[in-house]
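A.B. asks: Which chain is which? The protein sequence lines are A and B, in order. Here numbering that gives the first Met the number 0 is used: the first residue of the first sequence is 0, the next is one more, and so on. Here numbering that gives the first Met the number 0 is used: the first residue of the second sequence is 0, the next is one more, and so on.
The set of hints was computed from the structure by calculation and includes no laboratory data. On a predicted model such as this, the values are computed, not experimentally measured, just so you know. Check before you lean on any hint, since a few could be wrong.
Computed from the model, here is a short list of chain B residues facing chain A with C-beta under 10 angstroms [said to hold, decoys possible]:
(1) G53
(2) F85
(3) A89
By construction, the Cβ of each residue, glycine as well, lies at the ideal position given by its N, Cα and C atoms.
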Amino acid sequence: MGSSQTESFEKMIGAISRLLKNGEMVVTGTLSPLPAAGCLLAKHTHAPDLEPMLYGDPENRLSEGLHEFFGVAQKGKVDVFFLSGLQIDRQGSINLSVIGDYDHPKLRLPGGAGSAMLYSMSRRTILFTMTHTKKLFVPKVDFVNAAAFDGETRTPWRRGGLSHVVTPLCVMKFDEDRKRVVLDSLLPGVTLDQVVENTGFDLDVAGREIPVMEPLTEEEQSALRGPVLEKMRTIYPLVCRMIWG
Amino acid sequence: MKDKLMTAAEAARMVEDGMHLGVGAGMAMNPMPVIREILRNGIRGLTLTPVLTGGYVTDLLIGAGAVETIQFPQIVLDEFGLAPHFRKWAEAGRLKLLETM
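Chain A on its own, in the form it takes in the complex:
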């Protein structure tokens, strides 16, 4: 993998890191290498009291693995959780099950794996994607595995919902009043047109000045390539070899 792709992933990790606040209890689930790196980077920079609980971490204090993760979330102890989807729509719903018709899908995906509960029970959820295309960011998902918010019948146990979406091109945020995803900032080196052209719904950019994320600082860069990467290699060895060699 080329160095520009490495830089692209590092920008996303930086963007994720900066969304995390000191003292938050933050959990990453299966197949979440960039969020895990973002958590570690935040802890090594601006958020030393962050409490990351990273699935797959050999030093994880949980004894029963994934099972216990869900228990922690159901107690309402998770401040930030990360989810993704093969489709994400304007309302922040995610699809992890099927592309096309449910009974005869064009593509059968792995499934939601508790995402509905986690989206409800985490104080805020950050969505992340490894690509940014119109196929992924669609007006309406084919199947809703988990929703960013409750409709008129808000459930009493719902604790939070969508906070941000981090992609290789930009950071989006959830507009609580209008219940829709809007553009928040561009990653360095990305143009507004690129984002608009590759998103299948209106990101509410008309007449708005969209800021560009500050590049990674030297402190962030050296933490990322130093202690963060060292730890990451124990959790996601394959992915780390792919990204950093």
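Following the hints, put chain B in place on chain A, whose structure we already have.
C.D. replies: This is chain B only, laid out in the frame that chain A set:
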């Protein structure tokens, strides 16, 4: 205390056509010797509940045609990607899915 030790083949013989089978799942801690014996016995019509998410064993049992109904929150081969047999059978509408969200 009663001796519960038995061979994998003896254990697998407790699984019959049409049973509801629970298996430890994911990509680690799978009872592979017993699963291989179940496959050799040509078992059919299972309802399968992988605990918690389905991985290698689930995909193998589906690919061998042993599973009629699958109850699951997720089936994936983790870092190795989508489960190919699950995908093929589900896309063809040949599995009864009890999917939990």
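A.B. asks: Run every hint past the structure and note whether it holds.
C.D. replies: Now the hints, each set against the structure:
Given the 10 angstroms rule on beta carbons, the hint for B/G53 holds: about 9 angstroms separates it from the nearest Cβ of chain A. Taking 10 angstroms as the C-beta contact cut-off toward chain A, the hint placing B/F85 at the interface holds, the least distance being around 7 angstroms. The interface hint given for B/A89 holds, since its Cβ lies 4 angstroms from the closest Cβ of chain A, which is under the 10 angstroms cut-off.
This entry satisfies every hint, going by the numbered hints stated previously.
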